[in-house]
Amino acid sequence: MKEIVKKSFLDINEEEKWLNEQGEKGLMLIHYTMGEYIFDKSENEKYLYQIEILDNEKAKNKKDYFDFLKDMKIETVAEFAGRVYLRKNVSDGEFILYSDMEDNNKQIAKKNMAFFTIAFSQIAIATVFLINGIGSFGAGGVKFWIPIVSSVVFYISGALFLIAGIQSRRKYLQKK
Amino acid sequence: MDKKILQDALTETTFYILLRLHKRAHGYAIMKDISEMTEGRVKFGAGTLYGALDTLQKKDWICRVESESEDRKKEYIITKSGKIVFEKEVERLQELLSNSKKIEEIL
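The listed protein sequences correspond, in order, to chains A and B.
Counting along the first sequence from 1, when you hit position 8 you're at 22 in this note's numbering, and nothing is skipped either side.
Counting along the second sequence from 1, when you hit position 84 you're at 612 in this note's numbering, and nothing is skipped either side.
If you are wondering where the hints come from, they were derived from the structure by calculation, not from laboratory data.
Among these hints, one or two may not hold up.
[What the hints assert, rightly or not] Cross-link-like lysine to aspartate or glutamate pairs, in silico, EDC-like; alpha carbons within 20 Å at most: (1) B:LYS587 / B:GLU540; (2) B:LYS560 / A:ASP114; (3) A:LYS87 / B:ASP561; (4) B:LYS587 / A:ASP78; (5) A:LYS84 / B:ASP582; (6) B:LYS560 / A:ASP81; (7) B:LYS571 / A:GLU116; (8) A:LYS87 / B:GLU596; (9) A:LYS84 / A:GLU108; (10) B:LYS560 / A:ASP106; (11) A:LYS55 / A:GLU30.
[Stated by the list, open to error] To spell it out: a stretch of chain B is covered by chain A in this simulated footprint if at least three of its residues, at any positions, have a beta carbon under 8 Å from a beta carbon of chain A; those stretches are: (12) 552 to 563; (13) 567 to 574.
Note that beta-carbon positions come from the ideal geometry of N, C-alpha and C, so glycine has one too.
Please model the complete structure; the sequences and the hints are all you need to start from.
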């Protein structure tokens, strides 16, 4: 029986956690595209999921890597916006993708990239508003205040994303 | 005195892969056998193993071979230069071990 769930995540770690909760309920992810997850409900099986962001070497030899994963009993379910959705049957053993600490930390840094990209683009927008506001200083009134207020809003939001990114990095990075 | 270039110590990952590949094997068998050999202490993640096998192929210490099995899984085997590197590492480890026994002389 198919089940379609529409959901969107900013944090890949949260997305992964949610997918694993679905896998625990016997939901087998068979497709993903832009916020739409398609599952097949299974009565007897449970599934483990990981989302991988490929490094350059693996991205170049994608087919070879996916074939290798298949040999390791890991299915590539979908690829979307640089994210690769991987699935493994619980009955096929634990699902370790990166056993090396350095590999693992590189992957975590990649997964948290979204926070930093959003944070810096918001800070850039805020700066544009700020410059506009300062340029209209003499004009006063709406022409001055709208860009200034917008710039403050974007600076705050940018800072929040930056903090979220740093916190997420700290939470998942493995230390020696 | 002839200059000898010191070979860097092999990582545990490299050492066990070279050891296992004295007989051809595919990725899953490499992972499973090494885990059993070390009683579950050394467990490879699929992504890490792929990266390690790729690096060892580039160094020409292992190579890929045509699969004999019906499911055509990718199989690997150690090369001549891989065997030399492995033997040198075993010698180095033996030296370490025998020297470590000299601790009483030092103390």
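Status of each hint after checking the structure:
Taken as a hint, the LYS587 of chain B and GLU540 of chain B pair is honoured in the structure, with Cα atoms around 17 Å apart against an allowance of 20 Å. Annotation: proposed proximity of LYS560 of chain B to ASP114 of chain A holds, straight-line Cα distance about 17 Å (limit 20 Å). Proposed proximity of LYS87 of chain A and ASP561 of chain B is supported: the alpha carbons are some 16 Å apart, at most 20 Å. Distance check on the hinted pair: LYS587 of chain B and ASP78 of chain A sit about 19 Å apart at the alpha-carbon level, within 20 Å; holds.
Restraint check for LYS84 of chain A and ASP582 of chain B: satisfied, since their Cα atoms lie roughly 16 Å apart, inside the 20 Å limit. Taken as a hint, the LYS560 of chain B and ASP81 of chain A pair is honoured in the structure, with Cα atoms around 18 Å apart against an allowance of 20 Å. About 15 Å separates the Cα atoms of LYS571 of chain B and GLU116 of chain A, which keeps this hinted pair within 20 Å; it holds. The hinted pair formed by LYS87 of chain A and GLU596 of chain B meets the criterion: a straight-line CA distance of about 19 Å does not exceed 20 Å.
Between LYS84 of chain A and GLU108 of chain A, the direct Cα distance comes to roughly 15 Å. Compliance with the 20 Å bound is thereby established for this hinted pair. Proposed proximity of LYS560 of chain B and ASP106 of chain A is supported: the alpha carbons are some 12 Å apart, at most 20 Å. Only pairs whose Cα atoms come within 20 Å are accepted, and LYS55 of chain A paired with GLU30 of chain A is accepted, the gap being roughly 18 Å. Taking a C-beta to C-beta cut-off of 8 Å, the region 552 to 563 of chain B contributes 4 residues in contact with chain A, enough for the three needed, and the coverage statement holds.
With 4 residues having a beta carbon nearer than 8 Å to a beta carbon of chain A, the region 567 to 574 of chain B meets the requirement of three or more and the stated coverage holds.
Comparing the model with each earlier hint shows no violations; every hint is respected.
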